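Novice: Make a model of the complete structure from these sequences and hints.
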Amino acid sequence: MKIKGIRWWMVALITGGLIVNYLARNTLSVAAPTMMSELNISTEQYSHVVIAWQMGYAFMQPVAGYVIDAIGTKIGFALFAIAWSVACASAAMATGWQSLAFLRSLLGITEAAGFPAAIKATTEWFPAKERSVAIGWFNIGSSIGALLAPPLVVWAILHSGWQIAFIIVGGLGLLWSAGWLFFYKHPRNQRLLGDEERDYILAGQESHLKDAPTKKASWKKIVGTRNFYAIASARMLSEPAWQTFNAWIPLYLMTERHMNIKEIAMFAWLPFLAADIGCVLGGYLSPFFYKHFNVSLLTSRKMVMVLGSLCMIGPGCIGLVDSPYVAIALLCAGGFAHQTLSGALYAITSDSFGKNEVGTATGLGGMFGFLGAALFTLVLGIMVTKVGYSPLFVALAAFDLIAAVIIWFVAKPLLTGTPTEQSGDAPTASAEVVPAA
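When we follow our numbering, the leftmost residue of the sequence shown carries the number 1, and every step to the right adds one.
Check each hint, because a few of them may be wrong.
What the hints assert, rightly or not - With a straight-line cut-off of 30 Å between C-alpha atoms, the simulated DSSO-like cross-links for lysine-lysine are:
1. 412 / 221
2. 221 / 74
3. 74 / 185
Think of the hints as simulated: they come from the structure by calculation, not from any bench. These figures come from a predicted structure and were not determined experimentally.
Specialist: Below, the structure written as structure tokens:
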């Protein structure tokens, strides 16, 4: 028995993994006001806790990507997911900011495999022209996880305490890990994949994705490429925005906009709903630009990134408004903006490296991104009590605009791309991308 369009079911499975990944990291941000009060944690100490997670995540990303490339997507993703689930649940044992920082650093180290594994799986399962769409769909997992965190954590706080929220999320991660091990298989081993769909996937992949399976990833080779410099620079500039949204929105709404915990549960998830829209729409915009503007595949990705960076001007204006609801709307524009450009940046990464390099390349790029996020968080934790949030949101908008400029002028198409990438010809009508039901 064959399942038609099974590659889209694989995307759904990957999305589930990123949902629990981001739910684990966002549990803290929603619980932060309560935990800071109960554990006597200051704003600056909270920033140290966030930095501990970011630094663990940053430095482990290239290692996690290399491990994924070395042992395979199935086993690698499962091992890291089990580890991050245990680390998340362990946060319930925190007794102060130091112990919380240590446990969150363990979470960052283990969660680092999420996107390298997701990008690698998508590269394995999709032809180049569909890849940005697939990335857009699984990227909503990051937003859905952040979206689910406010109601789940507030419910736990009101009924059983903040500790139970971490335990519940850890349990969900273990359940997903079991499902991943049971269902995920590489296309060459998936018996439910039909011959026609397998041929379609392979025929649409770039030649650099058809290297021998034994070829090992080389960090030196990856970091020496022009496109990696562009990707790493753009990640370092753009990642602070998303990490600020994930870690600081509930605290911002409480301290700056004077919302109570129930209002946070009602409104703090909205920017992440907008981010979901950005994930999906951004994924479809690339093939739309490719087809209707007669540009190369890489240029279509760049156009999406420019559009997303322009939308980041919205949260940059948050200091100009008095209404908390308008402020939330501007944060929604920011969530939409970042996930639109983020998906395009991940697509450029998957296009630029071989199948046994893409996990490592994604991890290395992520390391630079989270080092940038950690540095910005350090500045935020010190400066927010002195200058407020508004100038910092302006800086985030400027960073994303600069990132788009770097990608536009530095990233170049590979010489070994697909025929359509080299010629710049638009695909035919039959190449339109529609996920299977």
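Novice: Between residue 74 and residue 185, does the CA-CA distance stay at or below 30 Å?
Specialist: Holds, at roughly 7 Å.
Novice: For the pair supplied as a hint, residue 412 and residue 221, confirm whether the alpha-carbon distance does not exceed 30 Å.
Specialist: 16 Å, holds
Novice: Do the alpha carbons of residue 221 and residue 74 lie within 30 Å of each other, as the hint requires?
Specialist: Holds: residue 221 and residue 74 sit about 25 Å apart, inside 30 Å.
Of the numbered hints listed earlier, not one is contradicted by the structure.
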